[in-house]
Amino acid sequence: NAGVTQTPKFQVLKTGQSMTLQCAQDMNHEYMSWYRQDPGMGLRLIHYSVGAGITDQGEVPNGYNVSRSTTEDFPLRLLSAAPSQTSVYFCASSSRLAGTNEQFFGPGTRLTVL
Amino acid sequence: KQEVTQIPAALSVPEGENLVLNCSFTDSAIYNLQWFRQDPGKGLTSLLLIQSSQREQTSGRLNASLDKSSGRSTLYIAASQPGDSATYLCAASILLLKKLIFGTGTRLQVFP
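Residue numbers (the numbering used here), protein chains in the order written: chain F, 1365 to 1478; chain P, 70 to 181.
I should point out that these hints are in silico values taken from the structure, not numbers from a laboratory.
Values in this document were obtained by computation on a predicted structure and should not be read as measured data.
Among the clues, some could well be false.
Computed list of lysine-lysine pairs in DSS-like fashion (alpha-carbon distance at most 27 angstroms, straight line) [what the hints assert, rightly or not]:
id, chain 1, residue 1, chain 2, residue 2
1, P, 137, P, 70
2, P, 111, F, 1373
3, P, 111, F, 1378
Work out the full structure, taking the sequences as your base and the hints as a guide.
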């Protein structure tokens, strides 16, 4: 199993540009989520999904969109990038059937918005 | 609102020492608590997960304990090694599959 994969690893955007961060998992996990990590603030939840077709907002959803058309993929879209979205983004997944909610993280995408 | 705090923010110890990292949370109604390791520029690696009904979990030189009544978890690292140098994060899960609340981490350096 590849686990949780994220692309790209690095990205530089200009203010106002849009882009999609990709996340995929091959563990058949129902639950997937996106976090951002900023210095001194820890990881904060952006959006999450409990299954295909179901998404919900986390702590810091503004400026981001998600969709979950398949169990495997959970892309995060930045509609109009802003410097405040400069961060490291992590995708995570877990299995509801396992009952433990142990979360597995991808390697992250480091995003810089100029 | 659940808040998770980790103390100390940074720790530097000589190789071979036993050490304890602390994690405290404000709401005792947690589902579980998970400890992660993060190397610079890398993702998070799950180390140990303690369910709310458990008191501790062990993996090799690592032992994590959970005391819900006092709102505390500790990660004990025995016989520390330079390879243990990393940032250690704890995260509390409030409701099943809903979200993790993370602490800001303890940056550990183990020097030879």
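Hints, one by one, checked against the model:
1. P:137 <-> P:70: 16 angstroms, holds
2. P:111 <-> F:1373: 10 angstroms, holds
3. P:111 <-> F:1378: 24 angstroms, holds
The structure shown violates none of the earlier numbered hints.
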